[in-house]
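Protein chains: 2
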Amino acid sequence: MRPIHEIIKERPWLGWVLFIGTAVIVFMLGLLASSVVERRAEAIFAYTPQLTFPQFEPDNAVWGEYFPRQYESYLRTSQTDFRSRHGGSVLVDMLEEYPAFVILWAGYPFSIDYRQGRGHYYAMEDLYNSLRPGSPGPGKPSPLPNTCWTCKSSDVPGLMNEIGIAEFYRGTWDTKGSRVVNPMGCVDCHDSRTMNLTITRPALVEAFESMGKDITRATHQEMRSLVCAQCHVEYYFNDQIEEGVQYLVLPWRDGLSVEDIEYYFDSMEFSDWTHGLSRAPLLKAQHPDYEIYLTGTHAARGVSCADCHMPFISEGGLKFTDHHMQSPLNNITNSCQVCHREDTERLLKDVYSRQDKIHESRKVLEDNLVRAHIEAQKAWELGATEEEMEEILYDIRSAQWRWDFAAAGHGNSFHSPVETGRIISLGIGIAQEARIKLARVLASYGYIGEVPLPDISTKAKAQSYIGLDMERKEAEKKVFLEEVLPQWLRGEEDDR
Amino acid sequence: MRPIHEIIKERPWLGWVLFIGTAVIVFMLGLLASSVVERRAEAIFAYTPQLTFPQFEPDNAVWGEYFPRQYESYLRTSQTDFRSRHGGSVLVDMLEEYPAFVILWAGYPFSIDYRQGRGHYYAMEDLYNSLRPGSPGPGKPSPLPNTCWTCKSSDVPGLMNEIGIAEFYRGTWDTKGSRVVNPMGCVDCHDSRTMNLTITRPALVEAFESMGKDITRATHQEMRSLVCAQCHVEYYFNDQIEEGVQYLVLPWRDGLSVEDIEYYFDSMEFSDWTHGLSRAPLLKAQHPDYEIYLTGTHAARGVSCADCHMPFISEGGLKFTDHHMQSPLNNITNSCQVCHREDTERLLKDVYSRQDKIHESRKVLEDNLVRAHIEAQKAWELGATEEEMEEILYDIRSAQWRWDFAAAGHGNSFHSPVETGRIISLGIGIAQEARIKLARVLASYGYIGEVPLPDISTKAKAQSYIGLDMERKEAEKKVFLEEVLPQWLRGEEDDR
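In the order they appear, the protein sequences are chains A and B. Residues in the first sequence are numbered consecutively from 1, following my numbering. Residues in the second sequence are numbered consecutively from 1, following my numbering.
The reader is advised that the hints may include incorrect statements.
A pair holds if it fits inside one copy or across any two, identical chains being indistinguishable in the list.
When the alpha-carbon atoms are kept at most 30 Å apart in a straight line, the in silico DSBU-like pairs for lysine-lysine are as follows [to be verified]:
1) Lys319 to Lys213
2) Lys140 to Lys477
3) Lys284 to Lys363
4) Lys478 to Lys284
5) Lys213 to Lys349
6) Lys378 to Lys461
7) Lys284 to Lys140
The set of hints was computed from the structure by calculation and includes no laboratory data. If you're wondering where the values come from, they're calculated on a predicted model, not measured in any experiment.
All chains, please: the whole structure from these sequences, using the hints.
So, in structure tokens, the structure goes:
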């Protein structure tokens, strides 16, 4: 065969053909490469179906037919084999682990039963099984208002829409137990028409209003935290808003810090309960996760809850949000390591080191609060007056509020260790004030020396000390689980 | 002119000439580009002179002739107009700002005078002027050993080399004041032959040995922190090592944490002084900067002291280490922003937020320690026995150690806010124990109720409360500055 340059020398137009031909082929290769990289675009066209289910569909499985990946990952919130520093993995009994909690919550249901939360999948099941909310029996109403269901079930948005917010909250569990049965799910965070993130719990919208803000102006990235903040926040039940209704309120009017919320509760003279030993008018912090998160480094860098707890994953050509909400420590590759180029072991060590340091301080506060309650109990026994005790009880309230705010949040000691440490430090200082004043009161009644601690080395001993009849509570729960709950789950109204 | 392709058609060799010629030109362009980018290489050849000064040359200006950029930047440590949150910029009087410190240090020289440090440039000048180290007069020896000079002057390496380590430490200021006159500088961190970083202070080498480590195995990056750790550490003077010598020791044998070092001092029953009011056998933390830094995020990421406090800068074709050691907040562009892509304001806010939170807790600890000292003083007045007070005084020692460890370091609340917060929390808990026990002791002597605090609202009032004769101290200092110091600076021996 003759060399190509000789052929071209004879037929110059052939050179042009080769040149232009090459250009065209390279252009087509570019198109192909782009098409390969952007193949997700095809997926969108291929897999977006017309939705045919109702606006407030509570059944996650129905949504799952249209969004199988998200649904399948959501179902993995049923997994309970996650990494746990406590060794155990399923429903760690926090009172068994920290019997001091029983004393701190004497007179409040948390002293009865408090277990580590499991995934959203178990939101209803764990509530049914817990001894904490008590047990409605046949013909015996629940001690708890329907307000408690608000953060547990995907039936809530529909029911609220149907009967109104206050009417939803009205009454006790037994009156709506048959209508609130599905655990948290799709409809709680998604608009069923656009799939956009949406706020379905009015308390958060109202809390924004109380601060003079408009939640509808939140950006998409903010929404990736705010849908979580519908429930993972500090809240209380206000009975002054609607006659006979325990209305769900986030106490954010004066700000979101531990001091702001304390000021809010103080100025309305609110307390959740009176302590069984010290008679202090206490506040129970719920789980101020969002409030504490906001004070941390990740929030400051614009990282949302979903970025770490629901990181993007890829399956085939599709990149989607992992709906297996869980500890990022269980998925360091997709969460932490997207930004942090350190190896897994080092990242874990970092997290644990923060947690350990905070836990060490928290323990000091806990010990002092337990002693303060026991010492106050002693002071009452010796005949201390309301006047002598007033300031002391307020100090105990204030210190325990700080302890609970720091301890109750999920992940506070990681989300914002410096703020959490600050809160605990101040709590220790205040608990100290209470105990020094108590030492003086006790001395004025002739009691000098250390008030001995009762034996509270186990949950059972601590519960017995504060006078709980656990056998009765367990028997009542058995009746509820065997007789009442099956009715609810069949959607049947209570017999009464 | 005829088109080039027609010419080439006639003379095919011309095509080859054009092709090869182009390749050669492009290659040369590459060489040129590389040469422009790498022009620093020329600088190295052009500016590396043969050094002619002695191995332990103490005069920074002599080194400066060979390394003008480093020297000029070192000279900027004389600048005192740095960013200060206290408003002032020069030698902030910490006792004026925190009169409580006077009470905490009653009986110890820090209660006399304690000012914010200035740059290395002033290491000697500020020491001369401070009332804290007392004032040698003509014929009157200094109360302080020569060990104190160790971290202040570039004359130290040469003098130690000449007379030996222990002999350097031996005796009081007046005996070596005329030989130690230059402030910290080049020779303190650099080997004058290779310019490599080097450790010139034996205490750090010995501290590594006490931990079973060999400092000569440190990497260059570790050395970029260790040269600072020659002085920015916790230390004490041990009089048991060499007869009549206050030997400088870093108490690291059992580890570097606040608990490890406390254990070290406890096990040798060491105390720096007995408190003037409470009679507690106290420890004075120096500045455990390096120890706390090691527990923080930056150390965990391999960032050295020099990376932030002496970042690289460029001048013309040269990139060199800025020897203006200073707060990185004064140079955020070259320090923080090399890694952190946030704007200056946001970074400042981050730092301040950490500092504020830690400061808030530290204040609680301070207040409680002041009260503990005053309450212990009261207990002694009422006739408390050594036995009754022993445990209380140990608690005070332990709590104040934590306070001082957290407070004395430069930048602890930024370098490692979680560890610093932990230390303070535990300190508050221990101070509380002391005060509760004190309330019981006081009550047993019939004193029930709060022990009133004296008026310590200003430095002068606090110093008067602890019985300091400040006028005398100032008069003595005047004599020292006017009569003794000029002799020293002229290199003359003391008259005696």
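Against the structure, the hints come out as follows:
For the homomeric pair Lys319 and Lys213, neither the shortest alpha-carbon distance inside one copy (33 Å) nor that between copies (50 Å) is at most 30 Å. In this assembly of identical chains, the alpha carbons of Lys140 and Lys477 lie at most 30 Å apart only when taken from the same copy (12 Å versus 85 Å across copies). Taking the shortest Cα distances, Lys284 and Lys363 sit within 30 Å of each other both inside one copy (18 Å) and across copies (27 Å). Proximity of Lys478 and Lys284 under a CA criterion of 30 Å is satisfied intra-copy only: 27 Å inside one chain copy versus 62 Å between copies.
Taking CA atoms no more than 30 Å apart as the test, Lys213 paired with Lys349 passes between copies only; the shortest distance there is 24 Å, against 39 Å inside one copy. Proximity of Lys378 and Lys461 under a CA criterion of 30 Å is satisfied intra-copy only: 19 Å inside one chain copy versus 41 Å between copies. With identical chains, the CA atoms of Lys284 and Lys140 are at most 30 Å apart within one copy only, with a shortest distance of 26 Å there and 66 Å across copies.
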